[in-house]
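*Asks:* Residue-level listing of the chains:
Protein chains: 2
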Amino acid sequence: MTTFTETYFTMTETDAITYAKSTLSFFADDAELSCNEIGDGNLNYVFRLVDKGSGQSLIIKQAGPVARISDEFKVSPDRNRIEHDILKIQGALVPDYVPKVYHYDPIMNCTVMEDLSEYTILRKAFLSHQTFPHLADHLSTFLVNTLLSTSDLVLGHKEKKEQVKAFINPELCEITEDLVYTEPFYNCARNDVFEGTLPFVQKEIWGDGSLALETAKLKFQFLTKAQSLLHGDFHTGSIFVTKDRTKVIDPEFAFYGPAGYDIGNIIANLLFAYVNGDQTIEDPPAREQFTTYILTTIRDIIELFKEKFIEAFYDQVTEHVAQYPGFLEYYLAELIADTAAVAGLELSRRVIGLAPVADLTEIADPTKRATAEITCLRAAKVFIVNRNDFFHGDDFTRVIRENTCREAVQ
Amino acid sequence: MTTFTETYFTMTETDAITYAKSTLSFFADDAELSCNEIGDGNLNYVFRLVDKGSGQSLIIKQAGPVARISDEFKVSPDRNRIEHDILKIQGALVPDYVPKVYHYDPIMNCTVMEDLSEYTILRKAFLSHQTFPHLADHLSTFLVNTLLSTSDLVLGHKEKKEQVKAFINPELCEITEDLVYTEPFYNCARNDVFEGTLPFVQKEIWGDGSLALETAKLKFQFLTKAQSLLHGDFHTGSIFVTKDRTKVIDPEFAFYGPAGYDIGNIIANLLFAYVNGDQTIEDPPAREQFTTYILTTIRDIIELFKEKFIEAFYDQVTEHVAQYPGFLEYYLAELIADTAAVAGLELSRRVIGLAPVADLTEIADPTKRATAEITCLRAAKVFIVNRNDFFHGDDFTRVIRENTCREAVQ
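Residue numbers (this note's numbering), protein chains in the order written: chain S, 3 to 412; chain C, 3 to 412.
Warning: the hint list may mix true and false statements.
[Claimed, not checked] Which residues of chain C face chain S? A partial, calculated answer using Cβ under 10 Å:
| # | residue |
| --- | --- |
| 1 | PHE187 |
| 2 | HIS322 |
| 3 | TYR326 |
Please keep in mind that the hints were generated in silico from the structure rather than gathered at the bench.
Backbone N, C-alpha and C define an ideal beta-carbon position, used for all residues, glycine too.
So that you can see chain S by itself, here it is in the shape it has in the complex (with noise of 0.2 Å):
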């Protein structure tokens, strides 16, 4: 008979149906299960099981030992327990945009939550160039509700430390550390740039020593700010969507950085839906409907997050100082610089570095595939180096348009 209660081992696809009917009351007792593991990311097994009679489902999520996107980096299962509590604190702020948690294991590091079969993932719907009508409403509620109530403007001093202390996460922003901030910016053995890109970033990223320089005020901003407790990977690979529904998963990346982080991630990977768009999609008007979609949402992101902002700023902030005139607009001005630049770093490191997106991989034409990876590398550079002239929306999506390519300029 197979134990749970001792030691951690991976799961299989049997034992989770064994881990389910013993250690869970969330089936019936006759309930006739059968288990998937439907993982597609690089750090974690899912399992998915369903009840054929009833047809109920959950998700059984286990932290491997080591992370699966390199043997390079060892990750520890604590990320399992992290990721359990982020989700239990967003259930609270953002009950309507995260899956509902029903238990955690610190012996098997393994958290069972609510399936999401019904949604897809939202890289995968870009890819296919679908659209979300409430996207930006969504994601903007929960960027505010998650960011704001978690930094010394609402919260407590002393609780706000006592959160910091509980999400220190060495091993994960170690691999943000180097992936994001280091490896895209020299030319670093583990980096995987596509041939007709290579001229591009040879030149204007490596041989650029004012954008490194730059990348590595960003890098220290990264290591230093406990501003927001952040989701940390929120690109459209943790997304879920429905038509009318957005949930946000996988926040095992948690901790206390520079808030703008989240969503200059979710800037940039919209960025990609839209170069993916521009140059796959044949039909113009097509095209023009997908593109102006992608825009609009872009630009909506930062919009609705900056009105929703002030005012739950106005309702919720209890620091004495942050009330003194001028300091809200001071403090969303320095966010969005934040954002602008995270969005540039974010583009260059999927461009050049060792975890690309399939938005740009799946552009199978090689000069399409680099004309949309050097639109990203040029817009990206002017988020990074001017990211304080950034505080509209229209900012952004100016900076998008003028630097599109139609075809590669090297």
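Chain C: place on chain S using the hints.
*Replies:* Same frame as chain S, but now just chain C:
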């Protein structure tokens, strides 16, 4: 028989003798111990034990259950654990400049350490206008070695995060957040402003909205910027001196914060000694000699800090991106700007807030006291508002000279 192994209680002098005899192996068995409680701080009891026969002595520093500064501050005795751990870290980084630690007791919340009775508290020595020729050299070494080695420039980022976690210090940080960053800058009931200084404070500090806004930005920097493991209370009352030696004590406020915090604190406290000398030394050459010594020390601390920091940086830096051209200059410029800002905050809070300094309160003549305090506040405003203009030691001394009042200007 008194037992020290079960529950915490605040010791009497007699208890301290019993404690030393029963718990420590420091003194000979037949030692004839005397004990005096010599604490003049706000948070702790300090017992000095002497063996009359051998002359050997030591200090037992016990955390009180409530901060002695005011019953309004409840401070947990965990600060004693922090103090002990920090003294151990500093003992490795700057052994010449901290007391030796003999023992730590987590039940009685006390640390047993080297007796520094042959030393004088620097604030007291400055009140009699003594000078210490090696002070800038010693303090700049202390600052560089503690602030650089604990930062992300040198320390591995995972290890640094574990240190951040170990030294989260919510209660003592709250004291700083309230007394340094908040209360002095509005008409808070807990402030304690000298009558002759009050009109200046009302008009030039509480009446200055742009100053208030800058202090709010700085408070959020203090709340969020985990740059270096700070001493956290680095004023002239935390420094013991002889003509040739310097010891830094009382690191119970230690936590990861902006590196400029410690440097700015000592600069401000040197300025308190300067205005005291300037107002109370009758003999012009003696006055000139003392005030020039203080200004030279301020200049030298800044210049020696930068010089030693740059040398140690090239010797010790481990972070790849910190080695990009321009980064060290950027990092130092930001650090010195933070230093100027904190000097301004400390100058303000000691004049306006709950915890004044003897350098000011012991100026007997009311006009001279107000003149000294207004000099501090005039310089403080420049330090805070124009903090980004400071980089050289002379930038600091020039502002002090330019704002030194010969008589109170309202």
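*Asks:* Taking the hints in turn, state whether each one holds.
*Replies:* Checked hints:
1. PHE187: The hint holds - PHE187/C has a Cβ within 10 Å of chain S, the shortest such distance being about 8 Å.
2. HIS322: 6 Å, holds
3. TYR326: 5 Å, holds
This entry satisfies every hint, going by the numbered hints stated previously.
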